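Residues per chain, in single letters:
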Amino acid sequence: MFQTASLKQTLQFDQQSCRLTLEGLPDLSAGHSGDAIGILTGWSLAWVGRPEELEGRREHLEAILRVVLAYARYLISGVPRRVGAAEEPASISQGEDGRHVLHLRSSQAGVEPLSLGLDDAELADLVRVLDRLRLDPRLQVSLPEDPCRPLRAREVQGRTPLPRRLSGVVGGALALGLSAAAAWLLPPPPAPAPAPGSPPVAAPRG
Amino acid sequence: MSAAVALERPLSRRGVERLDLLLLCVEALDFNGGEAMVWISAQLGFNELFPNRVELWKRRCHNPLRRSFRRGSLAPAETDALIRILGVMAERLYPMLHQLLASSEPEALLQERWDLFAARLGELVRERMNPRRSGVQRLLDPIAGAPLRRQLILSLALAAGAGGFERLRASLLDADG
Numbered sequence: 001m002f003q004t005a006s007l008k009q010t011l012q013f014d015q016q017s018c019r020l021t022l023e024g025l026p027d028l029s030a031g032h033s034g035d036a037i038g039i040l041t042g043w044s045l046a047w048v049g050r051p052e053e054l055e056g057r058r059e060h061l062e063a064i065l066r067v068v069l070a071y072a073r074y075l076i077s078g079v080p081r082r083v084g085a086a087e088e089p090a091s092i093s094q095g096e097d098g099r100h101v102l103h104l105r106s107s108q109a110g111v112e113p114l115s116l117g118l119d120d121a122e123l124a125d126l127v128r129v130l131d132r133l134r135l136d137p138r139l140q141v142s143l144p145e146d147p148c149r150p151l152r153a154r155e156v157q158g159r160t161p162l163p164r165r166l167s168g169v170v171g172g173a174l175a176l177g178l179s180a181a182a183a184w185l186l187p188p189p190p191a192p193a194p195a196p197g198s199p200p201v202a203a204p205r206g
Numbered sequence: 001m002s003a004a005v006a007l008e009r010p011l012s013r014r015g016v017e018r019l020d021l022l023l024l025c026v027e028a029l030d031f032n033g034g035e036a037m038v039w040i041s042a043q044l045g046f047n048e049l050f051p052n053r054v055e056l057w058k059r060r061c062h063n064p065l066r067r068s069f070r071r072g073s074l075a076p077a078e079t080d081a082l083i084r085i086l087g088v089m090a091e092r093l094y095p096m097l098h099q100l101l102a103s104s105e106p107e108a109l110l111q112e113r114w115d116l117f118a119a120r121l122g123e124l125v126r127e128r129m130n131p132r133r134s135g136v137q138r139l140l141d142p143i144a145g146a147p148l149r150r151q152l153i154l155s156l157a158l159a160a161g162a163g164g165f166e167r168l169r170a171s172l173l174d175a176d177g
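Chains as they are written, first to last, in the working numbering: chain A, 1 to 206; chain B, 1 to 177.
Honestly, the hints are just simulated from the structure, not real lab data. One thing to keep in mind: the hints can contain errors.
[As the list claims (entries may be wrong)] Residues from chain B that keep clear of chain A, each with C-beta distances beyond 10 Å, as calculated:
no.	residue
1	PRO10
2	ARG53
3	SER68
4	GLY72
5	PHE117
6	ALA118
7	ARG132
8	ARG150
9	ALA159
10	ARG167
11	LEU168
12	ARG169
[To be verified] Pair ranges (Cβ atoms, derived):
no.	chain 1	residue 1	chain 2	residue 2	range
13	B	ARG138	A	SER6	55 to 61 Å
14	A	ALA85	B	ASN47	45 to 51 Å
15	A	ALA46	B	ALA146	30 to 36 Å
16	A	GLY171	B	ARG67	22 to 28 Å
17	A	GLY177	B	GLN43	36 to 42 Å
18	A	THR10	B	ASN130	34 to 40 Å
19	A	SER44	B	ALA175	37 to 43 Å
20	B	SER103	A	GLY34	20 to 26 Å
21	A	PRO163	B	LEU116	42 to 48 Å
22	B	ARG70	A	SER44	47 to 53 Å
23	A	LEU186	B	ARG53	54 to 60 Å
All values reported here derive from a predicted model rather than from experimental measurement. Glycine included, C-beta positions come from ideal geometry on N, C-alpha and C.
Given the sequences, and given the hints that come with them, work out the whole structure.
Structure, rendered in structure tokens:
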């Protein structure tokens, strides 16, 4: 972290493939120390080997943080799924080639949406950078919570192939059917002989 | 579901399988991984839970895929400790995980690294896991096992670092699909 002559603070989070830089000021009215950032004035995300450097307002950073961490949560369970709607500032999904595509939409009119394809290593780097940002005590800005919760059964259905998911049900139904067929084929047990001294049973007519 | 509920719930059968396989991957990546786990356990203050290597091994034997499978379930404190150890190991090995996952690496070099990892993991799996289990057979399959091995490495990469513990723990507590 570097401190300039003014109150302006810069936080930098580096990984092998990306660097996230935050600029801001301590909110002295809230009692923040001089090295904290309580008012975020700007951020940038630079990638090694890519010309694009992402910049934006606080809500864009929040949107990236929210969708990327939620996506990573699904990914670690082996069920990648799109996070973020088309009209939101950021969304992320898995492309057909297996790369992870981060879609970013600017709030400024006339700025085309940007799609950034990331491989698994770049995504892992981005997740680490965002984790460090989220948990850095110097950043005194309220950020979205990381939704780390266990997934429900219907959310992880795609992890198990359909034939394996159905095998239990089909096997059970088959076993039940075979048991029913076997029971139907068995001869009925003979009627019990009448006890001596009991009144004779009238034979049915016809 | 609240986090408090999740903390108290023991891992499902699948969760224990994944946790042990992730630890096995760490051993496949680091020849001294077994030693390192014991050392990290002591460093993290888990001496009471795992006073020695045998106790650590016994907890891992709750994995139903193991040859020497132990019945019963892991206590939540033991699970958390194993995930913490795994997180530290993944952090140490992160540069290696990054190399395996990076598409920018030369194709031949990348293939060589994956082959090396698959061979080492295969040795450990054959040595410790029950080969009659379909999950073990799938993992050992050169073709069908490749995506499983990649998923394990990606899970390790996402489990490393500051937020990795919570992410991996939540994942291990997933409902069975």
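Hints and how they fare:
Against chain A, the non-interface label of B/PRO10 holds: every CB pair exceeds 10 Å, the least being about 12 Å. Every CB of chain A lies more than 10 Å from the CB of B/ARG53, the least distance being 28 Å, so the non-interface label holds. Every CB of chain A is more than 10 Å from the CB of B/SER68 (nearest about 26 Å), matching its label as outside the interface. Non-interface status of B/GLY72 relative to chain A is upheld: no Cβ of that chain comes within 10 Å, the nearest being about 21 Å off.
Distance check on B/PHE117: its Cβ is at least 14 Å (rounded) from any Cβ of chain A, clearing the 10 Å threshold; non-interface status holds. Against chain A, the non-interface label of B/ALA118 holds: every CB pair exceeds 10 Å, the least being about 17 Å. Residue-level check passed: B/ARG132 sits 17 Å from the nearest beta carbon of chain A, beyond 10 Å. Listed as outside the interface, B/ARG150 is inconsistent with that label: its C-beta sits roughly 8 Å from the nearest C-beta of chain A, within the 10 Å cut-off.
The claim that B/ALA159 is not at the interface with chain A is violated, since a C-beta of that chain comes within 10 Å of its own (minimum 7 Å). The beta carbon of B/ARG167 sits about 6 Å from the closest Cβ of chain A, which is not more than 10 Å, so the claim that it is off the interface is violated. Non-interface call for B/LEU168 relative to chain A: violated, since the shortest CB-CB distance, roughly 6 Å, does not exceed 10 Å. At roughly 8 Å, the least C-beta separation between B/ARG169 and chain A is not larger than 10 Å, which violates its mark as non-interface.
Range check, B/ARG138 to A/SER6: about 59 Å between beta-carbon atoms, so the 55 to 61 Å window is met. Between A/ALA85 and B/ASN47 the C-beta distance comes to about 49 Å, which sits within the given range of 45 to 51 Å. Distance hint for A/ALA46 and B/ALA146: a CB-CB separation of about 33 Å, consistent with the stated range 30 to 36 Å. The hinted window of 22 to 28 Å between A/GLY171 and B/ARG67 holds, with their beta carbons roughly 26 Å apart.
For A/GLY177 paired with B/GLN43, a C-beta distance near 58 Å fails the hint of 36 to 42 Å. Roughly 54 Å separates the CB atoms of A/THR10 and B/ASN130, a value that falls outside the hinted 34 to 40 Å. The hinted range of 37 to 43 Å is satisfied by A/SER44 and B/ALA175, whose Cβ atoms lie roughly 39 Å apart. The given range of 20 to 26 Å is broken by B/SER103 and A/GLY34, whose C-beta atoms sit roughly 42 Å from each other.
Separation of A/PRO163 from B/LEU116 is about 33 Å and departs from the stated range, judged on CB atoms against 42 to 48 Å. Look at B/ARG70 against A/SER44: about 52 Å separates their beta carbons, and that is inside 47 to 53 Å. Evaluation of the 54 to 60 Å hint for A/LEU186 and B/ARG53 yields a pass: the beta carbon distance comes to about 59 Å.
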